[in-house]
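Participant: Put chain B on the given structure of chain A with help from the hints.
There are 2 protein chains.
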Amino acid sequence: MTYCVGLKINKGLVFMSDTRTNSGIDNISTFQKMHTWSKEGDRVITLLNAGNLATTQLVISLLDERSKAPNDRSPSIFEAQSMFQVAQLVGETLREVIETASPQGELADSNFTATLILGGQISTGKPSLFLIYPEGNFIEASTDTPFFQSGETKYGRPILIRAYEPDLSFEEAVKLLLVSFDSTIKANLSVGLPLDLEIYRADTLKTCDHRRFQSDDPYYQIISNGWGEALRDALKSLPDYSFK
Amino acid sequence: MTYCVGLKINKGLVFMSDTRTNSGIDNISTFQKMHTWSKEGDRVITLLNAGNLATTQLVISLLDERSKAPNDRSPSIFEAQSMFQVAQLVGETLREVIETASPQGELADSNFTATLILGGQISTGKPSLFLIYPEGNFIEASTDTPFFQSGETKYGRPILIRAYEPDLSFEEAVKLLLVSFDSTIKANLSVGLPLDLEIYRADTLKTCDHRRFQSDDPYYQIISNGWGEALRDALKSLPDYSFK
Numbered sequence: 002m003t004y005c006v007g008l009k010i011n012k013g014l015v016f017m018s019d020t021r022t023n024s025g026i027d028n029i030s031t032f033q034k035m036h037t038w039s040k041e042g043d044r045v046i047t048l049l050n051a052g053n054l055a056t057t058q059l060v061i062s063l064l065d066e067r068s069k070a071p072n073d074r075s076p077s078i079f080e081a082q083s084m085f086q087v088a089q090l091v092g093e094t095l096r097e098v099i100e101t102a103s104p105q106g107e108l109a110d111s112n113f114t115a116t117l118i119l120g121g122q123i124s125t126g127k128p129s130l131f132l133i134y135p136e137g138n139f140i141e142a143s144t145d146t147p148f149f150q151s152g153e154t155k156y157g158r159p160i161l162i163r164a165y166e167p168d169l170s171f172e173e174a175v176k177l178l179l180v181s182f183d184s185t186i187k188a189n190l191s192v193g194l195p196l197d198l199e200i201y202r203a204d205t206l207k208t209c210d211h212r213r214f215q216s217d218d219p220y221y222q223i224i225s226n227g228w229g230e231a232l233r234d235a236l237k238s239l240p241d242y243s244f245k
Numbered sequence: 002m003t004y005c006v007g008l009k010i011n012k013g014l015v016f017m018s019d020t021r022t023n024s025g026i027d028n029i030s031t032f033q034k035m036h037t038w039s040k041e042g043d044r045v046i047t048l049l050n051a052g053n054l055a056t057t058q059l060v061i062s063l064l065d066e067r068s069k070a071p072n073d074r075s076p077s078i079f080e081a082q083s084m085f086q087v088a089q090l091v092g093e094t095l096r097e098v099i100e101t102a103s104p105q106g107e108l109a110d111s112n113f114t115a116t117l118i119l120g121g122q123i124s125t126g127k128p129s130l131f132l133i134y135p136e137g138n139f140i141e142a143s144t145d146t147p148f149f150q151s152g153e154t155k156y157g158r159p160i161l162i163r164a165y166e167p168d169l170s171f172e173e174a175v176k177l178l179l180v181s182f183d184s185t186i187k188a189n190l191s192v193g194l195p196l197d198l199e200i201y202r203a204d205t206l207k208t209c210d211h212r213r214f215q216s217d218d219p220y221y222q223i224i225s226n227g228w229g230e231a232l233r234d235a236l237k238s239l240p241d242y243s244f245k
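Chains A and B, in that order, are what the protein sequence lines are.
For the first sequence, counting from 1, position 155 maps to 156 in my numbering; every step adds exactly one.
For the second sequence, counting from 1, position 207 maps to 208 in my numbering; every step adds exactly one.
If we strip away everything but chain A, and leave its shape as in the complex, we get (with noise of 0.2 Å):
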């Protein structure tokens, strides 16, 4: 499995994923699943993956070929003009790779599948942050629904519902995911350390910061201690029950 959460905040975008991949617990390895395609003062476009990783790698691949083949008769997400078409691009990147490797196409609940976070801005549009289905359709972060999981999602869930708002900050936000990770690290083996962020400021149109966590970061290990204690004293606050 794979953990990848990307958060759309009033400031810009918060993306993070952690990076083991598995066949079998007894088959683990790291892999990046965070990818950035940039040009200052023109976009910045980010993609999670989450899924089999021959599908992703494929992906990820295609879309960079073709963003260097400028000739190659399919468009690039160099050319797109709006982030709703990057989407379009990437969605139908993803159909195709998973219809080839699966002989009854985007039917197949097979192995070849994947979801992916998608998230950037381009020149005067506004940032925006997408959820791409294996079949190549989309949906787009609004108001209700300001951020996107993929993966072993459901661990992490309960604290970005309840403490998520638009007005964080981004070192808040930052907080809030490693906190929603560790939650998921601690209950399952399928989701592990490095972590990698991302953070788009809105409307920079350059990559602003992008750094990796390991286990034994200083300010991972905080969160990570910290919020086992945190929780217990919220739970305190709280008043017992009480059998009448």
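Think of the hints as simulated: they come from the structure by calculation, not from any bench.
Computed from a predicted structure; not experimentally measured.
Where a beta carbon is used, it is the ideal one built from N, C-alpha and C, also for glycine.
Under the rule of at most 20 Å between Cα atoms (straight-line distance), these lysine to aspartate or glutamate pairs were calculated in the EDC-like manner:
1. A:Lys245 with B:Asp218
2. A:Lys245 with B:Glu172
3. B:Lys245 with A:Glu173
4. A:Lys187 with A:Glu230
5. B:Lys237 with A:Asp234
6. A:Lys207 with A:Asp65
7. A:Lys12 with A:Glu172
8. A:Lys245 with B:Asp210
9. A:Lys127 with A:Asp204
10. B:Lys187 with A:Asp145
11. B:Lys12 with B:Asp204
12. B:Lys69 with B:Glu80
13. A:Lys12 with A:Glu173
14. A:Lys237 with B:Asp234
15. A:Lys40 with A:Glu80
16. A:Lys245 with B:Asp217
17. B:Lys245 with A:Glu172
18. B:Lys245 with A:Asp218
19. A:Lys237 with B:Glu230
20. B:Lys245 with A:Asp197
21. B:Lys237 with A:Glu172
22. A:Lys187 with B:Glu166
23. A:Lys237 with B:Glu173
24. A:Lys245 with B:Glu173
25. B:Lys237 with A:Glu230
26. B:Lys12 with B:Asp210
27. A:Lys237 with B:Glu166
28. B:Lys245 with A:Asp210
29. A:Lys237 with B:Glu172
30. A:Lys245 with B:Asp197
31. B:Lys187 with A:Glu166
32. A:Lys127 with A:Glu80
33. B:Lys187 with B:Asp217
34. A:Lys207 with A:Glu41
35. A:Lys12 with A:Asp210
If you anchor each label on the Cβ, the simulated ranges turn out as follows:
36. B:Leu54 with A:Asp217: 43 to 51 Å
37. A:Thr205 with B:Ser216: 41 to 49 Å
38. A:Thr31 with B:Glu66: 50 to 58 Å
Facilitator: Chain B only, in chain A's frame:
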């Protein structure tokens, strides 16, 4: 889906289960998933069921029927000498019911499966807690794994992992379980109120406290509303991330 938890603490056992059953989101009903058999001074046995409703109802009915017809060749849960024997009996009954319903027997990864949480105390034995699989085999709770969940387990797991302590009071344990259930209910439509609670105080050998939390229960409201606030405060109590 369903959400059931059995918790073993030093003072005894605590059980909680939701009551929602569904065949698709347009066909939901309320069914009690918690059943208790007791004979004061001798034994108290509680069973929580998650899975196919026809399967679990038949298991309960068969166990009930056998306990009322003492001349039946099959043993009754009132005759078993230990909780281990009860677990064997329940496991066999469950496996038989699933085998009868599905032509391929236990190999069928069908809709007939169910997972049961069994707990209680018999005579001079200790209070014990078991998780019984559709195949009829089972595991017993230990100090390493002092609680079992079944059904929609992931949303409510992080708080159990972080806040469980063997020396919890019953009042604290009920609070912990309500938080775990509320986190699940807020994230997943297939788990719903009302919630059934059962407390067994070690060595009393009688049913202790049983009650049902409706959605308008004042204490449930305090927990459900208060937990969001408490979580946000917990998050605030940790230092924000700093971009150097």
